[in-house]
Structures are given as C-alpha cells and as structure tokens.
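Peer 1: Sequence:
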Amino acid sequence: MSEQSGQVTGAQSLVTSLEAAGVTDIFGIPGGAILPAYDPLMDSTRIRHILVRHEQGAGHAAQGYAAATGRVGVCMATSGPGATNLVTPLADAHMDSVPLVAVTGQVGAAMIGTDAFQEADIRGITMPITKHNFLVTDPADIPSTIAEAFHIASTGRPGPVLVDVAKSALQAQTTFAWPDELHLPGYRPVTTPHAKQIKEAVRLIREAKRPVLYVGGGVIRARASRELAQLAALTGIPVVTTLMARGAFPDSHPQHLGMPGMHGTVAAVAGLQKSDLIISLGARFDDRVTGNLDSFAPNALVIHADIDPAEIGKNRHADVPIVGDCKEVIAQLVAVLQAEGADGDYESWVAFLSGVKQTYPLGYDAPADGSLAPQYVIERLGAIAGPEAIYASGVGQHQMWAAHFVGYENPNTWINSGGLGTMGFSVPAAMGAKVGMPDTTVWAIDGDGCFQMTNQELATCAINDIPIKVAIINNESLGMVRQWQTLFYNERYSNTDLHSKRIPDFVKLADAYGCVGLACESPDEVDATIEKAMSIDDQPVVVDFRVHRDAMVWPMVAAGTSNDEIKYARDLAPQFDEDDI
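Quick note on our numbering: the sequence shown kicks off at 29 and runs consecutively.
It cannot be assumed that every hint is accurate.
Label pairs and their calculated CB-CB ranges [stated by the list, open to error]:
#1 ALA367 - ASP605: 31 to 39 Å
#2 ILE531 - ASP605: 48 to 56 Å
#3 ARG530 - MET155: 42 to 50 Å
#4 GLN366 - ALA394: 43 to 51 Å
#5 GLN484 - GLN146: 17 to 25 Å
#6 GLY341 - MET155: 20 to 28 Å
#7 ALA394 - ASP467: 30 to 38 Å
#8 LYS536 - ASN327: 55 to 63 Å
#9 GLY141 - ARG254: 50 to 58 Å
#10 LYS224 - GLY141: 48 to 56 Å
#11 LEU262 - GLU209: 34 to 42 Å
#12 PRO389 - ASN438: 21 to 29 Å
#13 LYS224 - THR112: 45 to 53 Å
Lysine to aspartate or glutamate pairs mimicking EDC-like chemistry, simulated, CA-CA at most 20 Å apart [as the list claims (entries may be wrong)]:
#14 LYS595 - ASP578
#15 LYS560 - ASP539
#16 LYS224 - GLU368
#17 LYS595 - ASP393
#18 LYS560 - ASP467
#19 LYS227 - ASP373
#20 LYS237 - ASP304
#21 LYS224 - GLU235
#22 LYS227 - GLU368
#23 LYS529 - ASP397
#24 LYS560 - GLU416
What the hints contain is simulated information worked out from the structure, not anything from laboratory work.
Just so it is clear, CB atoms sit at the ideal spot from N, CA and C, and this is done for glycine as well.
Could you build all of it, start to finish, from the sequences and the hints given here?
Peer 2: Right under this line is the structure:
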C-alpha cells in the first residue's frame, strides 16, 4: 500500500483515489448524499468536473468519452433519483461493452433500509445491468474499491461498474492508502486464446470455399483494426462489420460488404446467408443480425472468438469456440496462416459477392417533390466533415442512414447506442467524445424525436466550451416507428407525429442555449449549410435539416423473419443466381 500521511475525510480519499486511477474528466450533478465529495473535488487540479443538466446526460457523456478515447468514462450522481437517472446509461454501456465507472452517493449507513429521504437501492436496481457494483460503508475501503472498479471496467469484456458510497463514509475520517495490488478472487479474464483452437480455426479457414469475416464491436473495443486489416489482406476473405463495428474495416476497401442484419446491405446479408464458414470476431449473433435464428446461415460452420465465454454458443452453436481478446486472437490467426499458408480457393465466392454488391448497392430515391432527402444530407455531411471526424448518432432511421451513408475509414469514429437502442443518446455522447478528443470535429447526427429527449445538454456544451455540431434530421416524426406503421399497420400513424417543424423552433432553441442555430430545407443549400457549420469552432452549432418525412430505411428484413426475405426496396426482393458461386 502507498499511504498518504495524516487523516483525511472519506470524500477527500474518494477524490484522491479518482486522481490515482487516472481520471481527468467527470460528468455529474451534485446533491445531498454525494455533496461531501464535491467539496474536495473543487480543489482538484487534475480533474475537470463538467456540470451536466441531467444525470442521463452525464452517463451518456461518459460513454461517448470512453468510446472515443478508449479510456474509462466517469459519471457522478447523488442518491435516489440522481442514481436512478443513471440506469439507462448503465444498461446501455452494459449492452455495448463500454468501460464506465459511475460513482453515486448513498444515504448514511445507519439509514440504509429505512426509506430515508432520497434513498434507493441502486446497487440492487443495477445488479443485472452492470459488470459489477459496490456499496461502500467503510471509508477505509474507498481506495481499494475505486482501484478495483476501474480494473474491472477496463479489462476483459469492458463494461459499467457502479460504486455507491454512503454519505457517512464520505464524512468520516480515514487514511488514504492506494493499493499496490488488487485482490479479486474469481476475476481472471482470459485474453490469450488456446493454441489448439487457433490451429483448428485455421484448418477450417483453409478448407472453406465461402468464408466471411463477421466483425463485431469487440474488434473496436480491443483496438484490433490493424490486425483485422492484416487478416483480411492475407486471406482475401470478404468482411462484414456490424453496427457496433463500423470503422473497424475501411468502407472503401473492396473486400468490405458493409453492415449485415435487419437494415444491412444486400451483399453483407447474402454473404452471411450463403457462407460455409463464419469467422465471428467480437460479435454476438444478435437478433438484429441473424433475423430468424433457425434460418440464419444454414450451411455455415462457425468459428466464434470472443473475450466473454458467455457469448460463445449463446445464440448459435460454435464449431470452434475461441475465448480471448480479439487483438490477440486475430494476431495468432495471422501468424499461423502465414506459417501454414493462407491460399484459400475463394475466387468464385468473391466474384459472386462482388456481383451482388454491384447489383444491389446502397442508394435512395430523391423525393419527387424536390424536398430534402435525409440520406443526401448525411451523405454530404460525411463527405464534407470527412473520415477523421467522429459521428455520434441517436436511434432510429437517422441512425441507420448514418451507419450506411457516412464513409467510415477509421475505428472509434462511429459512436451509437447499438444493443439498447437509447433515444437521446447522441447529444450527450457527442459532448463526451468532444471532451475526450477536443481537437477532433464531432458531429451528433440526431432525429427530431431523439434530440428533444436530451437537448438540454447544449447548455452544458455552450457554458463549458465544448463546440459539438448537431445535425437534426427533422422529419416531424418518430421516423422508424412511422416506417413500421407504414409497412405493417396500414399507415395508421398512431402517436408518431411530433409537429417538430413548428414546435419547437430548433433554430431559436439553439440560440436560447447559446449555440449557433441554422436551418436547411433545400438540396441546393446542403453543402453551404454544412460548410458554414464546419467553419464555426468556438460555439456549438445546431442545424435543423427539414427533410422529407416519408423516406424509409432500405434494405430491410422484417423482425422475426428470415434474412432470406430481405427487401432491397419496398417492392423489390433481391434475386441471386447461386449457380455463380
């Protein structure tokens, strides 16, 4: 133990512990139970605290920070409603494997269980949606608990960890002692894959005729894009990148088939469906990728590599299970393939998928009335802001268009809520990303529905000099729900009309929040509007893109159906000549 002489309060010990863990930025809001910690936090020269306007914003900002930087994001809240407002970000981080530490205040130890003012059993509430959580009632335990929390959040499969600290522990006297080693019996994540499994995987790769690299968010979290590029170059195997893995492999690469799944490209969906070998790297066979599991890739053997053994075989049987960190797994696959030869016979398979990609490219129809196509807005935004920018999206149609029509060339440039699908994610996540990467352009691509859930964080951005840029894809609707109502509910638009081209006036709202507000509703104004937004670096910018409301996301596989039933457009189902494979 490294010890600091003299007595300190538990609150001082907490702040010193956060500093020792390497924290430089915290997003939070003070309140009664956490208040003792905010006093020494004011004196910290190492930690910048950013006062958000809602605890949900603090949690999503910490997620955006973590996703952009690879470091652990940190948020702080008081007991009761402050802590429960973190439930959604914690669940979101848990689904998407985001390293996060949430520090919450709790009522005094003697009052726990008495229904005291602002008491909530946040540890019990968040047990299913955190990687681990702690309740600290002894101030002497604060340093070791914080050290353990950061270690757990950032190692193995990353995830959120909650540290709930009783107010009595923050107020009590203690001595600060940072642990030299951690004692976490039973927590030993496996990062190095078993050599026998690697050899067996290589055997299947060399024998396959129609293999596909199915790349998930684990490759992003493992920072394994360079190794993935080596594996793809060595083998020539086609690549699909899930929603969580966009940017893990360059969109411009000829081997890249795009994103698979419910709204995936036809080539990516066909690649998985018709494959004889799926090499799954840090992906979890999510229902949005597989569609009906019984008909998913019926003729494919599966190599499933994941750092979390619980994911392997959970949804699809793995013929070769590999537990390990994606960076190490891919590096070892490359090493063995180089030693044994990677000369697979995939020529006809690659030609078939190239043909599908050419026949069914991503595209959209311009509205007949000359109004603004949302896909065009996002396409131009990606072209003008470029592949070095960071794009954080909300959830819905604009999320799918942003996944498809921005060209991603680099990892950690696409941040979204994948597993939980949290509306309101974009603005605070973009804020967190900008705090973590202050020299990078950060665009929040949001819907008019999502934006109205968390736009109060624009005040946080304006006051704290966090100049994010927000593109509101304003179709006056809860767009994805409206799309389903169009397709499956006989165009009965129950409670999806937001009237948001009238209320609120987003330009005036931006101005009220101390931001620059712009509006655009004509295709010939799009480039100039984006360039104007790009030219402003000292204030947040909000652009209200007033788009055609009936645009739909295509391709689409209806929920619960087979991926074989993918629709390229509303009245067009792709046809494949499998004799060409």
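Peer 1: Hint by hint, say whether it matches the structure.
Peer 2: For each hint, the structure was consulted:
Separated by about 38 Å at the C-beta atoms, ALA367 and ASP605 satisfy the suggested range of 31 to 39 Å. For the pair ILE531 and ASP605, the beta carbons lie near 52 Å from each other, so the given range of 48 to 56 Å is met. A C-beta distance of roughly 44 Å is found between ARG530 and MET155, which places it inside the suggested range of 42 to 50 Å. Checked against the given bound of 43 to 51 Å, the beta carbons of GLN366 and ALA394, roughly 48 Å apart, stay inside it.
The hinted window of 17 to 25 Å between GLN484 and GLN146 holds, with their beta carbons roughly 21 Å apart. Roughly 24 Å separates the CB atoms of GLY341 and MET155, a value that falls within the hinted 20 to 28 Å. Between ALA394 and ASP467 the beta carbon distance is about 36 Å. The supplied range of 30 to 38 Å therefore holds. Under the hint 55 to 63 Å, the C-beta atoms of LYS536 and ASN327, about 57 Å apart, fit the expected range.
Separation of GLY141 from ARG254 is about 51 Å and conforms to the stated range, judged on CB atoms against 50 to 58 Å. Distance hint for LYS224 and GLY141: a CB-CB separation of about 51 Å, consistent with the stated range 48 to 56 Å. For LEU262 paired with GLU209, a C-beta distance near 40 Å keeps the hint of 34 to 42 Å intact. Restraint check, PRO389 to ASN438: a C-beta distance of roughly 22 Å satisfies the suggested window 21 to 29 Å.
Remark: the range hint 45 to 53 Å for LYS224 to THR112 is upheld by a beta-carbon distance near 47 Å. The suggested pairing of LYS595 with ASP578 holds, with an alpha-carbon distance near 17 Å, which does not exceed 20 Å. With a C-alpha separation of about 16 Å, the suggested pairing of LYS560 with ASP539 holds against the 20 Å cut-off. With a C-alpha separation of about 14 Å, the suggested pairing of LYS224 with GLU368 holds against the 20 Å cut-off.
Between LYS595 and ASP393 the CA atoms are separated by roughly 15 Å; this keeps the pair inside 20 Å, and the hint holds. Distance check on the hinted pair: LYS560 and ASP467 sit about 18 Å apart at the alpha-carbon level, within 20 Å; holds. Proximity of LYS227 to ASP373 is assessed by CA-CA distance (about 19 Å); at most 20 Å being required, the pair is judged to hold. Taking the CA atoms of LYS237 and ASP304, the gap is about 7 Å. The hint holds against a cut of 20 Å.
At roughly 17 Å between alpha-carbon atoms, LYS224 and GLU235 fall within 20 Å of each other, so this suggested pair holds. Restraint check for LYS227 and GLU368: satisfied, since their Cα atoms lie roughly 10 Å apart, inside the 20 Å limit. Straight-line distance between C-alpha atoms of LYS529 and ASP397 comes to about 18 Å, which keeps the hinted pair within the 20 Å bound. As the CA atoms of LYS560 and GLU416 are separated by approximately 18 Å, the hinted pair is consistent with the 20 Å bound.
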